[in-house]
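A.B. asks: These are the residues of each chain, in order.
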Amino acid sequence: MIKSWIGLLVFAGLAYVLDGVFKAYRSPVPAPIVLMALLAIFYTAFGLPDFLAKSAEQLFRVFPLLFIPALVGVVVLLETVADNIWVLLFAVTLSSLLGLVVAGRIYLIFAKTKGTVDD
Amino acid sequence: MTEFFWFLSVCGLYGMADVLYRRSGRKHFFHPVILPTLVLVSTLHFTSLEYAVFERATYVFDVLLMAAMAALSVPLYRNFSAIRRNPVAILSALVGGSVAGSGSAVAVALWAKTSPDVVTSLYVKSITTPMAVAVVEPLGGIPAISAVVVILTGLIVALIGPSVLRIVGVDHQVAQGIAMGTAGHALGMAESIRHSDLMGAAAAFAMAINGLLTALFLPLFLG
Chain B
1 MIKSWIGLLV FAGLAYVLDG VFKAYRSPVP APIVLMALLA IFYTAFGLPD FLAKSAEQLF
61 RVFPLLFIPA LVGVVVLLET VADNIWVLLF AVTLSSLLGL VVAGRIYLIF AKTKGTVDD
Chain S
1 MTEFFWFLSV CGLYGMADVL YRRSGRKHFF HPVILPTLVL VSTLHFTSLE YAVFERATYV
61 FDVLLMAAMA ALSVPLYRNF SAIRRNPVAI LSALVGGSVA GSGSAVAVAL WAKTSPDVVT
121 SLYVKSITTP MAVAVVEPLG GIPAISAVVV ILTGLIVALI GPSVLRIVGV DHQVAQGIAM
181 GTAGHALGMA ESIRHSDLMG AAAAFAMAIN GLLTALFLPL FLG
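These protein sequences, in sequence, are chains B and S. Residue numbers for the first sequence follow our numbering, beginning at 1 and rising by one. Residue numbers for the second sequence follow our numbering, beginning at 1 and rising by one.
Quick caveat, the hints were computed from the structure, so don't treat them as lab data. Note that the structure is a prediction, hence the values are computed from the model and not measured. Hints are supplied without guarantee of correctness; some may be wrong.
Computed cross-link-like contacts, EDC-like style, restricted to lysine to aspartate or glutamate with a CA-CA straight-line distance of at most 20 Å [to be verified]:
#1 B/Lys112 - S/Asp171
#2 B/Lys23 - S/Asp171
#3 B/Lys3 - B/Asp50
#4 B/Lys23 - S/Asp197
#5 S/Lys113 - B/Asp50
#6 B/Lys114 - S/Asp62
#7 B/Lys3 - B/Asp83
#8 B/Lys23 - S/Glu3
#9 B/Lys54 - S/Glu55
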């Protein structure tokens, strides 16, 4: 329990500091994505600390909860949504599913050609 | 006091929604983000309560979301050997999925004679919100439209993506993860990690690479 709290503090602290730095320099790349890549490289070089692994498991259990405030942000954009409703509706439904299916099928086609769809 | 109320409301509603979701046998429309979002959006829309207060009260969730995205380094590290087995398949799927998703949305917007700034805002529909907003602004798009489209796209993909993929015969975990991360960015990735570590890692990888490629190449394409 204590281990996962320490891990949470490490993840949150690093993300918070790096986000501040990236925002100060107006970076178009979000800090958490860069941090994710840097940490993966760190584990490869030095191994994965147990407290970070435990903390990650805890965070993933409540992942959807963390998106709720961002989704609620739509409330200030309701007028914009209403003005462009049909185009936006298509963009978020059919075209999203098209992108999803195309990505999945293309992966399978290439992976089957190479014979590596066995896990 | 109001700020504490908002914080408790988000947690409490999520707790109830999660119980409902599990008891319903994980039916799509009981996904634990839907009920709290609908209740909170309705409350803010139909009352005089200020969104700015809600935003301040829930800032801790933004920090935790950044922490959770950083924590995706764990499944990414654990499953990287399985993911990197097919670099050509991954890159092709990323480009194909991204072009098909954004391209079809842009094509319909152009056909419907939508204003150019709205059209530009749709190019970034499949990359994560902070990137989408940063990329679209200098290109002449409307960040607010991009933010709405990105968030709702992620929600749709998270809700019905896994079922749609199974229906069309995409039952391989890496393929599913790559598709969910490409089309549904962070929300797609969050849903993937609930299915398996490998699927979540593939989705995290796809989301990161798709975002970076879009941020790098879209300005060149539109410029």
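A.B. asks: Determine for every hint whether it applies to the structure shown.
C.D. replies: To see whether the hints hold, each was checked on the structure:
For the hint linking B/Lys112 to S/Asp171, the alpha-carbon distance of about 13 Å falls within 20 Å, and the restraint holds. With a C-alpha separation of about 39 Å, the suggested pairing of B/Lys23 with S/Asp171 is violated against the 20 Å cut-off. A hinted pair counts as satisfied when its Cα atoms are at most 20 Å apart, and B/Lys3 with B/Asp50 qualifies at roughly 8 Å. Among the hinted pairs, B/Lys23 with S/Asp197 is inconsistent with the structure: their alpha-carbon atoms are about 30 Å apart, more than 20 Å.
Distance check on the hinted pair: S/Lys113 and B/Asp50 sit about 55 Å apart at the alpha-carbon level, beyond 20 Å; violated. Only pairs whose Cα atoms come within 20 Å are accepted, and B/Lys114 paired with S/Asp62 is rejected, the gap being roughly 41 Å. Among the hinted pairs, B/Lys3 with B/Asp83 is inconsistent with the structure: their alpha-carbon atoms are about 49 Å apart, more than 20 Å. In summary, the hint linking B/Lys23 to S/Glu3 is not supported, as the alpha carbons are separated by about 25 Å, beyond the 20 Å threshold.
This hinted pair does not check out: B/Lys54 and S/Glu55 have alpha carbons roughly 29 Å apart, beyond 20 Å.
Violated hints, in rising order: 2, 4, 5, 6, 7, 8 and 9; the structure is consistent with all others.
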